[in-house]
Amino acid sequence: MFKATLKSLLSRKLRLVLSALAVVLGVMFVSGSFVLTDTLQRSFTDLFSSAYANVDVSVTPKAEKGKQPEPLTPQAITDVKSVTGVASAVGDVQGSARPIGKNGKVITTSGSPRFGFNWTGTGQEKIRDGKAPATENEVAVGGYLATTGGFKVGDDIALLTLEPKKTFKITGIYEYAGGRDSLGGELSVAFTEPVAQQLLLGKKDVFSGITVTASQGTTDDALRDAVAAKLGSGYDVKTGAVLAKEQADQINEGLKFFNYVLLGFAGIALFVGIFIILNTFSIIVAQRTRELALLRSMGASRGQVIGSVVLEALVIGLIASIVGLGAGIGIGALLAKIFSSLGGSSLELASIGAPMSAIISSFAVGMIVTVVAAVMPALRASRIAPVAAMREAATPDRPLTKITITGALVAAAGGTSLAFGFNQASLPLIFGGILVAFVGVALLTPILSKPMVSLIGRLLSWSMPGLLGRRNSARNPRRTAITAAALMVGISLITGVSVVLTSATKSIEKLASGQLQTDLIISGEGQMEGQPATFRRDVLTRVEKTDGVRSAVGWSQDGVLEGENQMFAVGVTDLPAMATMFALKPKSGTIAPLKDDQLALPEEMAAEKGWSVGSKVTLQLAKGEPKTYTVGFIWVKSQVLQGALVLPESASANFRSDQIAQAFVQVAPGVSAADVQKRVEPLFADNPEITVQDRSAFVKQTTSQFDTVLLMIQILLALAILIAVLGVINTLALSVIERTRELGLLRAIGMRRAQVMRMITVESVVISVFGAVLGLAVGLALGIATVQALKDQGISEIGLPWMTMVQYLVVAAFVGVIAAILPAIRAARLNVLDAIAYE
Amino acid sequence: MSASDGVAARAVDVWKSYGSGDAAVTALAGVSVDLDKSRFTAIMGPSGSGKSTLMHCLAGLDDVTSGEVWVGDTLVTGLKDRGLTELRRDKVGFIFQQFNLLPTLTAEENITLPLAIGGKKVDRAWFDVVVDTVGLRDRLTHRPTQLSGGQQQRVACARALVSRPDVVFADEPTGNLDSQSGAEVLGFLQRSAREFGQTIVMVTHDPNAASYADRVIFLKDGHIVRELLSPSAEEVLDTMKHLDSVVAVPHV
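Going line by line, the protein sequences match chains A and B. So for the first sequence, UniProt numbering puts the first residue at 1; every next one is plus one. So for the second sequence, UniProt numbering puts the first residue at 1; every next one is plus one.
Since the hints were made in silico from the structure, they are not lab data. Built from N, CA and C at the ideal position, the CB exists for glycine as well. Just so you know, not all the hints are guaranteed correct.
Which stretches of chain A does chain B cover? Using the computed rule of at least three CB atoms under 8 angstroms from a CB of chain B, they are [to be verified]:
#: 1; stretch: 746-757
#: 2; stretch: 825-837
One-sided and incomplete, this derived list gives chain B residues near chain A with beta-carbon spacing under 8 angstroms [stated by the list, open to error]:
#: 3; residue: 61
#: 4; residue: 100
#: 5; residue: 102
#: 6; residue: 106
#: 7; residue: 113
#: 8; residue: 117
#: 9; residue: 118
Excised from the complex, chain B in its bound form (with noise of 0.2 angstroms):
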């Protein structure tokens, strides 16, 4: 089975548990999702409802303990190092929370990092619409430690889209961020899944971000308990007040 058209990534039944024996803690317990192509789908939970850990485990840096997960054509369960590394660097982009960027890097070679990793040539013309759409033209020249928080950000947006990959993962990229900075960030990535066709997988505990993505899902206890399609903050919001009284379903 592969990810079909459609879909960028995938998880089927997967389970993810730590520790052994009595110490054992379940953090997924057999989750199954399609993410679309194209589309910005964010995943909320509370804490310790397994939102990070699927997003993990869905970008190939946590092994799942049974399932199968795809990323496009690839079935990333069984990866070894090398097969995951060279996924991460072609198929997957980050954005992480907090530390994106190298200090000793400029923006610019930060963006492109991914690519002079793998030995790629980078298509300027795609660069400059990245740029110019983060607006950080006049910043490439800088030091991350130049740059604010926000703009720092944006450098780590830039350079999870400058080599096309099939999926961008943010982990609550907007967390440690004011709430200027972070609407300018959430505003990117959406359009960057509209008028690019980026997919791309957030994960946050914030509904004001949530609420920029076109499809939620919520996650408890390990399941997925429910799904809203571009829902308002407001409706987040209610949802999460709410989900403690869910009871979790397995599939949607």
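Excised from the complex, chain A in its bound form (with noise of 0.2 angstroms):
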């Protein structure tokens, strides 16, 4: 028995190469995601010791609680040198630079910092051109600065420190060890030491910590040990190499939350494998139902039927798995190439390498999806009477009731569990939840595929090989399904995620006319990221004296601490006036400015606290003791200013930034806002990470990273739809195989090769675009159903993609043209004799 079976195998090449083909994309996503996330891990890891590798010991000024800390001052370092075993003690500055290229842009990363320093001419960095720093107007920058911006030595160079735009002349480059450009990726710039400090700590004198060098003899931890004494507390003391490892663990915590998106993707895909592998064996077992009623007829028993097809399974997934772990391997090789070099930065990767993990989940899902798809068939398979064999009679059409009903109750349940899942707001549920709906779905197909099918069809069968194509798409409505099915996962979740990133963006829009009565918004760029670009408090005095503004507001904004809490809170300048700019109406207290000890807050925040006005709260800015304020104002729940406090003006200068981070404009009546904004704009002609933005331009960007995230995740789809289509080009040439012998008599009674491709495309483009509109479907109900469950979110209008809808529909059906092709070419190749005389 065994033997039969891998002859049979052996026998059928093509048959063995497609249906492991969508098991060799899923274990090659998954081991891929392991093997890139673990040479990335190593490559930060290195990156961090080697960033670390001066330093023995360094000591930074321990922050307490909800308070920003306080720089070190110059005592600290004549402290640490007097202790013995230190060898040398140096004071940092270090802070935010934001370098100015040559096109008055200012030039981002991809996520790498960009920080200036104070020149010690101790530190890793070598002079590679020119000289270290020596005045106030002079700076080095690092050799990847230069490169990115095109800066040579004798250029001046524009930087954003704490102060606005100011001009250096550049007299040195320098590089690191082995004449590398960065360490990875960062922009720097080296000041001397008093520009850094007044212009990265904003104070003379100070420091943003210490690194100490250990003299010969002394161990770093015994070194760490004997500075800690001296200084006592307050300050936070480490050796290098545990610095090194904790900023690599934080790299790496998130590298860890990517590979499980990246692992997620590689579920679905994987998902999606399972309805082709099971499609391909249940085709395959039909085609063998009388191999197997031979092989009973002569005594195999059911267990032998059912081993016969497993075991097949087996071998298929074994080698795919093998082949699918080598393709990981380089995919994750390239993605972490490319990963490396993203937008110019140089990481330098580690050796890739294959971690257990990608070895031991590649052969571990390759083997258990293929199995577990090929029970299935097997079961059906031992089942076939022996006497089956030596009829001719095709398979008959098994009724569809049993599949229905146990669809329909899959389905419920999958539904039940999606609105518990929203309810209890639990991921596990609604991921649960979302995966048996689609399992549902896929078992209700084949009832929708029957009138769907024969819909879809009529458009396109408007010739004969066109009304072949579409009744042989008709003609087993299970294969048809799943095969739909396998297509309707990607899609339904590419669609849900588009329902959702449009009714947000429709949401926002509806805010921004309604509630929004400001004109133009004030804003730097990484609100994001939570530490924007600001700009300073007379700019905005100046922006509301400017000709045609009826108001300005402006705020700035920090976290706060309330007892355990951490908050959100801004600072604002005119609490009246920013009523009315975002229409909020008083649930209790009244519209006023804000005394010095008042604060406000939303209904739903009150709610939530059990804080009332009059209220007394007590908060922990960054800077200064705690102070106790009164609530005065609660506003009716809005879309705008949720989760936030809003404390008065004065309580800004106690924030690590006391500069404005947003600000709002309303013009007078019958001026154009357009105008004011060209009058504006000048005002921070010396800032250009700040934006003035009219409403609708504002809306635009904000919304505009919802369309990356859908990219994002389009791009990370496209894996399951490819494997999608592998099911359409999988099911049409084995239904080619089956039907031979019907091809061979069309051509006999004369249908042209053309007219053959024809046909087999017409039944592609029927299987695509049927898959297209039930992933459509699901996916505008999960959608919908996501909108209704974020509803207190904020999104609150639903909004339709239909544009976006319309393309993957028409992608559809490109897609089955493109699957049609080469089982096309291979029904148009036949011989028709020898198709005639085909068993």
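Assemble the dimeric complex from its two separately framed chains, guided by the hints.
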């Protein structure tokens, strides 16, 4: 039996390749994710150990809870120097510095930091060209910044720091060990110490940390203990190795999440793969009915028949896992390479390796998925009565009642789990529900396929080949259904996400046109990263005084501590003006300028905290002592300023930065916003990170991030769709084999090759479009359900992405045409005589 | 040279061999034959005699090693796939032993399939005549699975006739049928030749089937060895029995 299985397997190489390909792709995705994240993790670990290579012990000020750490004084350095075992102690100054390129735009990176520091001559940086900065308007720049911005020694460079744009002369370009331009794609610039202190820390004669080296014979750990003992509490004293590990761990934590996301999509791809394999095995078993029944009639037991099919699956799963693992290592390496050079950053890659997790998961996933998918067809195969072998009759259409009822029940179970999941905000329930719902819908697909396929097919069957193609696709509802269902999964997920994002966009637009009474919005880059670019208060005053401005409101923002709770707070310049602009309605209290010890908050936040007007709230700001505020105003739930505490302007002084992060302008009646915009913009000429936008541009900018999200998800789901396309090819190819004699007959009575190809293409397009229509329907349902569930999160409108949906439909039709190419060529090339005689 | 008046299909010194070198098998060894218009010709011979190969070559389903094949005014030899396809579609009708019909189409759609493929209009009057002759009027909307073997084969006959081809080739058309259904199909083929003037060429190894033909050609080892005109079943059987002793004659 074993031998017979292997022989039968090897005799059908095409079948082997087709059914294995889906598994290969899924396994490739899984192992590729592991290889990619593993390589990146090791690369980052290397990066940070080289970044802290010449740090034996580092001293930084310890931050009190909720407060910004006070910078170090020169006294601390003197203290450290006095510790025995210290070879050197150098004060470090480091802070954000964003270079402005020659085109006047701020130079950005893809995630790597942009910073400035004090040139001490003791760091890892070695001057490659020119000399170190010596005067207050001189800087040295890193090799990477020099290449990215096209700077040479002697050029001028403008920098944004705590202060607005300032221009310096480049006196030198530095590099790192081994002639590297940067350690990890960061953009850095070195100032003289006093300039660095003023621009990066905002104070004279302070430091952000101390780099300590040990003298001969002192271990890092001993040095750390000695320094810590000398300085007392109030300082974090760590060895360079620990620091490197901490920073690497932080990045690796992020990478782990990234890995989970990738694995999630790999899971979707494999889920789709199960459909394909299930289908392939069903078709194979159907085609082998005679062979299996012959074995049965010769005395093979049911168990042996099941064993033979499962064995075939195991062999395919094993081969696919090996190939998939190999391909995954390749893809992971390629992606790591792309990632490391993303945006020109130059992360030095660690060697590519296959972690154990990749190997284990590849084999587990590949074999399990294949065998699970083969069990159903194997069971069916074992039920074939031996006499069926002798009868020529094709497998009759089995009734769809059972499968339909099962499908309805499973879909209902999935829907219920989904509803519960939304209700409980439980992700496992939501994802589980979606998965189960997919299976349910897939089981319902056969019954849907009859009317749907004939409807879709009618559009395509104006000629005889078209009619035949349509009839062929309706011929085996289960096969068509499962092939289409595989396509449905990917398309429905994209559609669902698209519905949510469109609804979010629509909600924001509605909000902007209804509640947002502002004409201009002034904001800095990086609103999403939590550390936005800011501008000075006096600029806001000048905005307010600009001709045509009726009122202007701005706020600075920071995190504050209420007891143990981190909260988001804004220090607003003018509460009444803000209430007008955002159409805030009083729930209790009155709209009046906030006194220095008053705060305002939205209704839902007040309810959650149990606060009402008059409640006392004690807050710890980044600077200064805790302060008690009285709730003065609570506004009716609104879409703007959700989850924000509004503090008086005076509170800003104790924020990490008291500069304005966002400002809003209302123009005087009868004045055009565009004109005012033209007059306001020059005020920010030396601050290229700040943009002045009218309302629609602001909305567009806010919603444009959704497009990026959608694009990412589309890319990640592309594999699931690719596997589904393989499924279409697979089904068609196997159908072509199955219908060899029919094709021979058609050719014998005069069907041209082109007509045969058209027939197969129509069948393919009908299946693909059917899958797309299903996907769109399920995706709409999922999306709308999600939007309903997110109503409280501010998505108040339902927006349907009609254009996108039409695009998916067109893409599906196109995919159908592509998928048909190979099977159609194969069908057209059949030798007529052989085909007629084909058994 | 073209097929002259009165000849529907013609083979001129047709050789056909498969394989090459030592393994070469000669299926047809210089066969020349004229198949007259409006006649029902049967090609007979034992297994391996080359009778099916001859039919396949005549019908443009297989190419010849040397020699020429004509159907009507068309020189079949040397035609490319497109030309062969059009020949099969427009000039030739086929009836196979089994699996003659597309399971997804109704009987009527199966009958008009060659016309539909060629984008031609159905001659309703002729269609009605053919359908009534094969007695399928009340079965037109049925799918093949709902028809008996005999009915299926009659649908195949109707399909072969509906486009009024120069020649209808039938390859063991009764091989899979019981004698009653077989007789119906053969009777219908005979009537088509006699009443509608349809040229029919049938390959068979059944003497009884051959007895319906106007002319029976006997093949052995790739040669035409004998022919009979309007023979009885007994005469055919007798000839078959003595075929072993017959010496091959290159031309009849």
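Outcome of the hint check:
1. 746-757: Held - the stretch 746-757 of chain A has 9 residues with a Cβ nearer than 8 angstroms to chain B, which meets the minimum of three.
2. 825-837: Result for this restraint: holds, n = 3.
3. 61: At 5 angstroms from the nearest chain A Cβ, residue 61 of chain B passes the 8 angstroms test, so the hint holds.
4. 100: 7 angstroms, holds
5. 102: 6 angstroms, holds
6. 106: With a minimum Cβ separation of about 10 angstroms from chain A (threshold 8 angstroms), the hint on residue 106 of chain B is violated.
7. 113: Check passed: Cβ of residue 113 of chain B comes within 6 angstroms of chain A, closer than 8 angstroms.
8. 117: 5 angstroms, holds
9. 118: 6 angstroms, holds
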